[in-house]
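Same order as they appear, the protein sequences are chains A and B.
Using our numbering, the first residue of the first sequence is number 1, and each one after it goes up by one.
Using our numbering, the first residue of the second sequence is number 1, and each one after it goes up by one.
Simulated from the structure, these hints should not be mistaken for laboratory data.
Quick caveat: nothing in here was measured; it's all calculated off a predicted structure.
Quick reminder that beta carbons are idealized off the backbone N, C-alpha and C, glycines included.
Any given hint could turn out to be false.
Stated by the list, open to error - Pairwise CB distance ranges, derived in the manner of DEER restraints:
#, chain 1, residue 1, chain 2, residue 2, range
1, B, 149, A, 97, 46 to 52 Å
2, A, 210, B, 86, 54 to 60 Å
3, B, 139, A, 141, 43 to 49 Å
As the list claims (entries may be wrong) - Derived, one-sided and incomplete: chain A residues facing chain B with beta-carbon distance under 7 Å:
#, residue
4, 10
5, 102
6, 103
7, 105
8, 107
9, 110
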Amino acid sequence: CSSLGTYDLSASTFSPDGRVFQVEYAMKAVENSSTAIAIRCKDGVVFGVEKLVLSKLYEQGSNKRIFNIDRHVGMAVAGLLADARSLSEVARDEASSFRSSYGHDIPLKHLSDRVAMYVHAYTLYSAVRPFGCSFILGSYDKDDGPQLYMVDPSGISHGYWGCAIGKAKQAAKTEIEKLQMKEMTCRELVKEVAKIIYIVHDEVKDKAFELELSWVGEVTNGRHQLIPEEVRQEAEKYAKDSLEEEDDSDEDNM
Amino acid sequence: MLQETGTEWLSQEVKTGTTIIAVEFDGGVVLGSDSRVSAGASVVNRVMNKLSPLHDKIYCALSGSAADAQTIAEVVHYQLDVHSIEIDEDPQVRSAATLVRNISYKYKEELSAHLIVAGWDRRDGGQVFATLSGLLTRQPFAVGGSGSSHVYGFVDAEFRGGMSKEECQQFVVNTLSLAINRDGSSGGVAYIVSIDEHGTEEKVVLGNDLPTFFDQ
Chain A
1 CSSLGTYDLS
11 ASTFSPDGRV
21 FQVEYAMKAV
31 ENSSTAIAIR
41 CKDGVVFGVE
51 KLVLSKLYEQ
61 GSNKRIFNID
71 RHVGMAVAGL
81 LADARSLSEV
91 ARDEASSFRS
101 SYGHDIPLKH
111 LSDRVAMYVH
121 AYTLYSAVRP
131 FGCSFILGSY
141 DKDDGPQLYM
151 VDPSGISHGY
161 WGCAIGKAKQ
171 AAKTEIEKLQ
181 MKEMTCRELV
191 KEVAKIIYIV
201 HDEVKDKAFE
211 LELSWVGEVT
221 NGRHQLIPEE
231 VRQEAEKYAK
241 DSLEEEDDSD
251 EDNM
Chain B
1 MLQETGTEWL
11 SQEVKTGTTI
21 IAVEFDGGVV
31 LGSDSRVSAG
41 ASVVNRVMNK
51 LSPLHDKIYC
61 ALSGSAADAQ
71 TIAEVVHYQL
81 DVHSIEIDED
91 PQVRSAATLV
101 RNISYKYKEE
111 LSAHLIVAGW
121 DRRDGGQVFA
131 TLSGLLTRQP
141 FAVGGSGSSH
151 VYGFVDAEFR
161 GGMSKEECQQ
171 FVVNTLSLAI
181 NRDGSSGGVA
191 YIVSIDEHGT
201 EEKVVLGNDL
211 PTFFDQ
């Protein structure tokens, strides 16, 4: 999929085979980023992000990749972090403006549609470049239940039961598909999400990483929050133990 | 006794003098209004329906300046049309009330109207909201218009929670009748709208069918 001639210089140009290369290049930026996943279960949504730590001098917990959009919506991102931060502000403004006008929480599909429309607008003109990030939005509402949507740089959004973005998204999707998420609760799911991030993390190419975990569901009364310390420790322990088991079983095969 | 040359009514503001009321019951709401529109001492319309639809299951009751109230209702009707298509479901009563309140508050110096918003949605069932002067408050029932001051005692004494739809309709019609009897700016017929999950029902109670009290 190499570009032909001069069709890849601006987002306002189609290639002869009907592609907009600038948008495809933006998606490459997402693929080079570390992985983020989110899974929707019976009573909520759990987010997990593999946050690569490039220097030991960084303060722990800086450059978070999970954002709060209003009280009831969480957003996990992959790609150019500055682009993602800018879009989180857009999402916050949309949610805030909706609440001002209509007096209640913004429905997640509507928020997803509005931000996707904004992202899409940046794929139409040569004066700007597309956003180099994808993001996953999740929420929980006692009437509508848990919802999960993902938006990519082309401005498309889909609803999901489980979703992965970033460099190991294929491996993560394979693991996610093994789960029966519709029958699980958030508490059960946190451990699985932590395990998947540990599984897809490449020890050789990328060294240290921080696991960012958050959830929104019945367990949090509909508020999106970072996972509490005891739950996170239990989840990380489960993840590390599962990996050791797999290592051990590999040795047996020899 | 009334020293008028006869043309004052042409220049006086057209007000829906009015009595309006909305009551919540378990599963829906009942709205009611009189039908008199006055310009000064003149009745310019004796059969105006002051219960205006904002959406299939959300209505508002108009009082104050007829033009201001109607315009707010029409604008919010349009906004809810767009909103319901954008979110792909029926709007919440709270949304309708918030839209009305936002206009009433922003233009409170220029406008002179009070709308009561009431309806049914699948999340919270029947709801009544008052938006007087640009506030927003949910209430078990609300009354408004010039006739309402004559019936505060009646509604405060007679309202009970847990009434059925039919009891609410009777309560509304009794209130309107008493207000019409005492308030010169209220009169004509009574319009009643009942909304629940099954649909919306509009009814008219003609003048001579209104309940009578001690003086009739």
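Outcome of the hint check:
1. For residue 149 (chain B) and residue 97 (chain A), the hinted distance range of 46 to 52 Å is not satisfied, since their beta carbons lie about 38 Å from each other.
2. For residue 210 (chain A) and residue 86 (chain B), the hinted distance range of 54 to 60 Å is not satisfied, since their beta carbons lie about 38 Å from each other.
3. Roughly 25 Å separates the CB atoms of residue 139 (chain B) and residue 141 (chain A), a value that falls outside the hinted 43 to 49 Å.
4. Taken as an interface hint, residue 10 (chain A) does not check out: its beta carbon lies about 31 Å from the nearest beta carbon of chain B, beyond 7 Å.
5. Using the Cβ-Cβ criterion of 7 Å, the hint placing residue 102 (chain A) at the interface with chain B is satisfied: the shortest such distance is roughly 4 Å.
6. The beta carbon of residue 103 (chain A) is positioned within 7 Å of a beta carbon in chain B (closest approach about 3 Å), and the interface hint is therefore held.
7. Interface restraint check: residue 105 (chain A) against chain B, minimum CB-CB distance 10 Å, threshold 7 Å, status violated.
8. Annotation: residue 107 (chain A) was flagged as interfacial toward chain B, and the flag holds, the nearest CB pair being 5 Å apart, inside 7 Å.
9. For residue 110 (chain A), the interface hint holds, the least distance from its beta-carbon to any beta-carbon of chain B being 5 Å, beneath 7 Å.
Comparing the model with each earlier hint shows violations of hints 1, 2, 3, 4 and 7; every other hint is respected.
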